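*Asks:* Read top to bottom, the protein sequences are chains A and B. Take the first sequence: its position 57, counting from 1, is numbered 57 in our numbering, and each next residue is one higher. Take the second sequence: its position 64, counting from 1, is numbered 1064 in our numbering, and each next residue is one higher.
Read the hints as simulated data drawn from the structure, not as lab findings. Since the model is a prediction, treat every value here as computed from it, not as a measurement. Glycine residues also receive a C-beta, built at the ideal position from the N, C-alpha and C atoms. Hints may contain errors.
As the list claims (entries may be wrong) - Counterexamples of contact, computed for chain A against chain B with all Cβ distances above 10 Å: (1) ASN51; (2) SER134; (3) THR154; (4) ILE184; (5) GLY185.
To be verified - Below, a list of computed lysine-lysine pairs in the DSS-like style, where the Cα atoms sit at most 27 Å apart: (6) A:LYS47 <-> B:LYS1011; (7) A:LYS15 <-> A:LYS153; (8) A:LYS105 <-> B:LYS1006; (9) B:LYS1029 <-> A:LYS15; (10) A:LYS46 <-> B:LYS1006; (11) A:LYS122 <-> A:LYS47.
What the hints assert, rightly or not - Each pair of labels, with its calculated beta carbon distance range: (12) A:HIS174 <-> B:VAL1004: 45 to 51 Å; (13) A:ASN198 <-> B:LEU1033: 36 to 42 Å; (14) A:ALA102 <-> B:ARG1039: 39 to 45 Å.
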Amino acid sequence: MAQFNTLTPQYGWNKKAQRYYDLSSGTFVASKDIRAALDASIVAGKKEIDNLTQKLLKSQISLADWQTQMAHTIKLQHVAAASLSVGGWAQATPAVWGRAGAELKKQYAFLQRLALQIESGKQPLNGSLVVRASMYGEAQRSTYEQSRRAEMKTGGAVEERRELHPGKTCGDCHDQAVLGWQPIGTLKRIGDSQCRMNCNCTFSYRDAQGNIL
Amino acid sequence: MPTVKKVPLGKAIIWSKDDLKQLGSVNPKDVALAKLYWRRLAPRRYRNVLDTTTNGGRGPKTTIAGGAGAPATKQAAK
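Construct the entire structure; sequences and hints are all you get.
*Replies:* As C-alpha cells, then:
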C-alpha cells in the first residue's frame, strides 16, 4: 500500500510558465531547486556508476557486463533527466523521449569507445577509469539542458543566455556567457565546452517581449 | 577467507548501428524502470517532483517574477 508522507512535497507543473509549483502552497518552485534535484540525481547516478566500475576493477564482472550495465544505468538517468526538464513523467511526449534517445546514442558511442580502450589496455584499469566513467553520470546535465531548451523554444522563448555558476567554469563557458542574449539554439550546448560533461552552466530564456521565462 | 573467483576481462561489446538505435529508443518499460530508479535514488525532498499533476491540481497563486536568478525561492501566495 502506498504511503503518503507529508514531509515529501507534492508538485504540479504549470505548462504555460514551464515551471514546477508546490501543490500545498501553490507557489512556484525556483529553477535552482529543480537544478538541485538534478544535481542530487547526478550524485546518486555517479555513485551507481562508481560501484559498477569498482566491480570491473576488482574483476567481479566482465567488460561486457560492465558495458551492458553501464548502458542500462545511463539510460535510466537520462530518461529521468529528460522527464525533469519537461515537468515530470506525465508531460513527457514521444518527442521528449526521442531527444533523450539521441543523447543516449551519443553516450553509447562514447561508452563503446571507452570499452574498446579498456579491452586494448589503452585505458588502464585504475582510478583514471573511475574518473572517466563518472563523466557518464554528469552527462545527464546535458540531456536536461538540451531537452529544456527545446521545450522553452516550443513554449515561446526566442533568446537564450549562458549562465555561469560557481565552481565549474572554463574559458569556453566564459566566452559564451559574455555573448549575453542570443537567438535560442545558437549558443554552444552544455557539455560542448572545454569542461565537457563537468560543465555546470545553465541557460536562461526570454520571450520576444524581453520577459525572462 | 574464501577465494573469490576473478572474472576474466573479456571483450568489449561492439554495437551495430541497429543496436545503437534500439538501445537509444525509450520505450514504456524504460520509463517504468526510470521511475523506480528515481524513487530509489532521489532525495526525499525531490522524490515526487516527477509525479506532477497538471489537471485537477490547483494552479500556482503567484505570478512569475524573475525566473532564473529570481531573488526568492518561493514567492508568497497572495
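*Asks:* Decide, hint by hint, whether the structure agrees.
*Replies:* Do the hints match the structure? See the list:
{"no.": "1", "hint": "ASN51", "result": "12 Å, holds"}
{"no.": "2", "hint": "SER134", "result": "15 Å, holds"}
{"no.": "3", "hint": "THR154", "result": "16 Å, holds"}
{"no.": "4", "hint": "ILE184", "result": "14 Å, holds"}
{"no.": "5", "hint": "GLY185", "result": "17 Å, holds"}
{"no.": "6", "hint": "A:LYS47 <-> B:LYS1011", "result": "25 Å, holds"}
{"no.": "7", "hint": "A:LYS15 <-> A:LYS153", "result": "13 Å, holds"}
{"no.": "8", "hint": "A:LYS105 <-> B:LYS1006", "result": "31 Å, violated"}
{"no.": "9", "hint": "B:LYS1029 <-> A:LYS15", "result": "26 Å, holds"}
{"no.": "10", "hint": "A:LYS46 <-> B:LYS1006", "result": "24 Å, holds"}
{"no.": "11", "hint": "A:LYS122 <-> A:LYS47", "result": "24 Å, holds"}
{"no.": "12", "hint": "A:HIS174 <-> B:VAL1004: 45 to 51 Å", "result": "49 Å, holds"}
{"no.": "13", "hint": "A:ASN198 <-> B:LEU1033: 36 to 42 Å", "result": "27 Å, violated"}
{"no.": "14", "hint": "A:ALA102 <-> B:ARG1039: 39 to 45 Å", "result": "26 Å, violated"}
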